[in-house]
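**Student:** Chain by chain, the residues:
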Amino acid sequence: MTPFHLHNKTILVTGASSGIGRQIALSICEMGGNVVITARDKKRLEETFKNLKGKNNSSITADLLNQNDLSALVNHIPMLDGIVHCAGIVKPFPVKFLSEEKIQETFQTNYNIQVILMAQITRQKKINKNASIVFLSSISATHPHKGGALYSASKAAIESLSKVIALEFYPQGIRSNCLSPAMVKTPMYDYAEKGASKETLDEHVNKYPLGIGSPADVANAAVFLLSDASKWITGITITLDGGFLLGGI
Amino acid sequence: MNITDFIKKIETEIDEFEAGTLNPDTDLRKTTAWTSMHALIIIALIDTEYNVTITGEDLRTITSIEDLYNIIQSRIAV
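Just so you know, the protein sequences line up as chains D and B, in that order. Be aware that the first sequence starts at 1, since it is given in my numbering, and climbs by one per residue. Be aware that the second sequence starts at 1, since it is given in my numbering, and climbs by one per residue.
Simulated from the structure, these hints should not be mistaken for laboratory data. Mixed in with the good hints, there may be bad ones.
[To be verified] Quick list of the computed label-pair ranges, beta carbon to beta carbon:
| no. | chain 1 | residue 1 | chain 2 | residue 2 | range |
| --- | --- | --- | --- | --- | --- |
| 1 | B | ASP47 | D | VAL164 | 31 to 37 Å |
| 2 | B | TYR50 | D | ASN51 | 37 to 43 Å |
| 3 | D | LEU65 | B | TYR50 | 21 to 27 Å |
| 4 | D | ASN112 | B | ARG29 | 34 to 40 Å |
| 5 | B | ASN2 | D | ILE103 | 27 to 33 Å |
| 6 | D | GLN124 | B | MET37 | 25 to 31 Å |
| 7 | D | LYS125 | B | ASN51 | 44 to 50 Å |
| 8 | B | ARG29 | D | ALA119 | 21 to 27 Å |
| 9 | B | LYS8 | D | ASP41 | 38 to 44 Å |
| 10 | B | ILE76 | D | ALA119 | 49 to 55 Å |
| 11 | B | THR35 | D | GLN124 | 47 to 53 Å |
| 12 | B | ASN70 | D | LYS125 | 36 to 42 Å |
[To be verified] Mimicking DSBU-like on lysine-lysine, the simulated pairs with C-alpha atoms at most 35 Å apart in a straight line are:
| no. | chain 1 | residue 1 | chain 2 | residue 2 |
| --- | --- | --- | --- | --- |
| 13 | D | LYS146 | D | LYS50 |
| 14 | B | LYS9 | B | LYS30 |
| 15 | B | LYS30 | D | LYS146 |
| 16 | D | LYS185 | D | LYS50 |
| 17 | D | LYS91 | B | LYS9 |
| 18 | B | LYS8 | D | LYS96 |
| 19 | D | LYS146 | B | LYS8 |
| 20 | B | LYS30 | D | LYS185 |
| 21 | D | LYS102 | B | LYS30 |
Please read these numbers as outputs of a predicted model, since none were measured by experiment. Note that CB positions come from ideal geometry on N, CA and C, so glycine has one too.
Okay, chain D solo, but in the shape it has when bound (with noise of 0.2 Å):
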C-alpha cells in the first residue's frame, strides 16, 4: 500500500484560519487525515473547519500569545501524530527604526509561540512515536529582503529550532522539518502588496519561472512530510520556490 497518505493520523495545523495553514488543514483531510486546527480568529477558523473533509476533526479558538490560552489548547488536544506550525506574521520595518517592542511583536509569534507549544506538547506526551513536525520558514531565512531583519531572523530562528527538535527527539522515531516557501499567494502577500510599492512586487513575480506559489504547492509538501512516505526525512528544509533561486531570470 502506498505511504503517500494519512490514514489514522491527526495532526495540529496552527494558523489554520487562513492562507497556507488553511490549505495544509483541508490537503491533511483530503489524504485521510484527522485536524485539531487551531487560531485566534473564531469566525474564519469555523469557516476553515466546515470546510474540512472527516468527522473526526475539531476546532479550538487560542491566542497562542495568551498563556491561559496556549495552556488550555495543550489540555484539550488528543495524542497527536504531527504538527504543522503555520501561524506568523510578517512586518517590513528597515533596521533603524527597529525597537525592542517591535522585536518582541515579530518573534513572539514567530519563534516563541513554537517553542513553547513543542515544549507543553511533549512534557505533557501528547504526541506520538514516529510523528513528524513540520514548521514553515521561508526562503526569506537565507536570502533575506531589506525590511526583513525580524521576519528573516525568526524563520532562520525556526529552521534551527527544527533541527534541535529532530536531534532531541529521534530517539522517540520523531521527525522535524521545515518548508522553506518563496512567494506564495495569500492573504499575507496581499498584505504585503499594501506594504510595498506594487512595481517592487511585480518586478519580483516576473522572476519566478514557475511563477508564484498557490497554498496547494505548499500544502501537498506538508502532506509528505507528514506522511510515512518521508520516514527517512529528519532535519531537513525543502525549498518551494518555482525555480526562483536559480536566479536566471
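Could you slot chain B onto chain D? The hints should help.
**Tutor:** Frame of chain D, contents of chain B only:
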C-alpha cells in the same frame, strides 16, 4: 506637528535628500533618488513618530508631501 517639521524629519532620515531640498509640493516618488527602501523608511518613520499606519498603497496615491501630511493628520484625528 506641522508640515515643516515633517519635511525636516524626512530630510534627516533619508540621506539622499539634502536639507532644504524638499517642499510641500514635492512628489517623493518622482524624485531621482527615490527607491523602494525609501518607501520602507517613510512608512517606518510615520509609524514611529506619529503612531500612524501608512501603506504602500497610500504612497502610490499621493502626489505631494502635503498629501501625505494630510493623510497622517486625518489618521491622528481619528
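**Student:** Against each hint, give a clear statement of whether it holds in the structure.
**Tutor:** Evaluated hints:
1. B/ASP47 with D/VAL164: 31 to 37 Å: Given range 31 to 37 Å: holds, Cβ gap about 34 Å.
2. B/TYR50 with D/ASN51: 37 to 43 Å: Cβ of B/TYR50 to Cβ of D/ASN51: about 41 Å, so the range 37 to 43 Å holds.
3. D/LEU65 with B/TYR50: 21 to 27 Å: 26 Å, holds
4. D/ASN112 with B/ARG29: 34 to 40 Å: Check passed, 38 Å falls within 34 to 40 Å.
5. B/ASN2 with D/ILE103: 27 to 33 Å: 32 Å, holds
6. D/GLN124 with B/MET37: 25 to 31 Å: Since D/GLN124 and B/MET37 have Cβ atoms about 46 Å apart, the given range 25 to 31 Å is violated.
7. D/LYS125 with B/ASN51: 44 to 50 Å: 45 Å, holds
8. B/ARG29 with D/ALA119: 21 to 27 Å: 47 Å, violated
9. B/LYS8 with D/ASP41: 38 to 44 Å: 41 Å, holds
10. B/ILE76 with D/ALA119: 49 to 55 Å: Once the Cβ atoms are compared, 42 Å apart, the range 49 to 55 Å for D/ALA119 and B/ILE76 is violated.
11. B/THR35 with D/GLN124: 47 to 53 Å: 50 Å, holds
12. B/ASN70 with D/LYS125: 36 to 42 Å: 59 Å, violated
13. D/LYS146 with D/LYS50: At roughly 39 Å apart (the allowed maximum being 35 Å), D/LYS50 and D/LYS146 break the hint.
14. B/LYS9 with B/LYS30: It holds: about 19 Å lies between the C-alpha atoms, which stays within 35 Å.
15. B/LYS30 with D/LYS146: Satisfied, since the Cα-Cα distance of roughly 21 Å is no more than 35 Å.
16. D/LYS185 with D/LYS50: 22 Å, holds
17. D/LYS91 with B/LYS9: Since the Cα atoms of D/LYS91 and B/LYS9 sit roughly 22 Å apart, the hinted pair holds (cutoff 35 Å).
18. B/LYS8 with D/LYS96: Distance ~17 Å between B/LYS8 and D/LYS96 Cα, so the pair holds.
19. D/LYS146 with B/LYS8: Holds: D/LYS146 and B/LYS8 sit about 24 Å apart, inside 35 Å.
20. B/LYS30 with D/LYS185: Between B/LYS30 and D/LYS185 the Cα gap is close to 30 Å, so the pair holds against 35 Å.
21. D/LYS102 with B/LYS30: 31 Å, holds
In the structure shown, a violation is registered for the earlier hints numbered 6, 8, 10, 12, 13, in ascending order.
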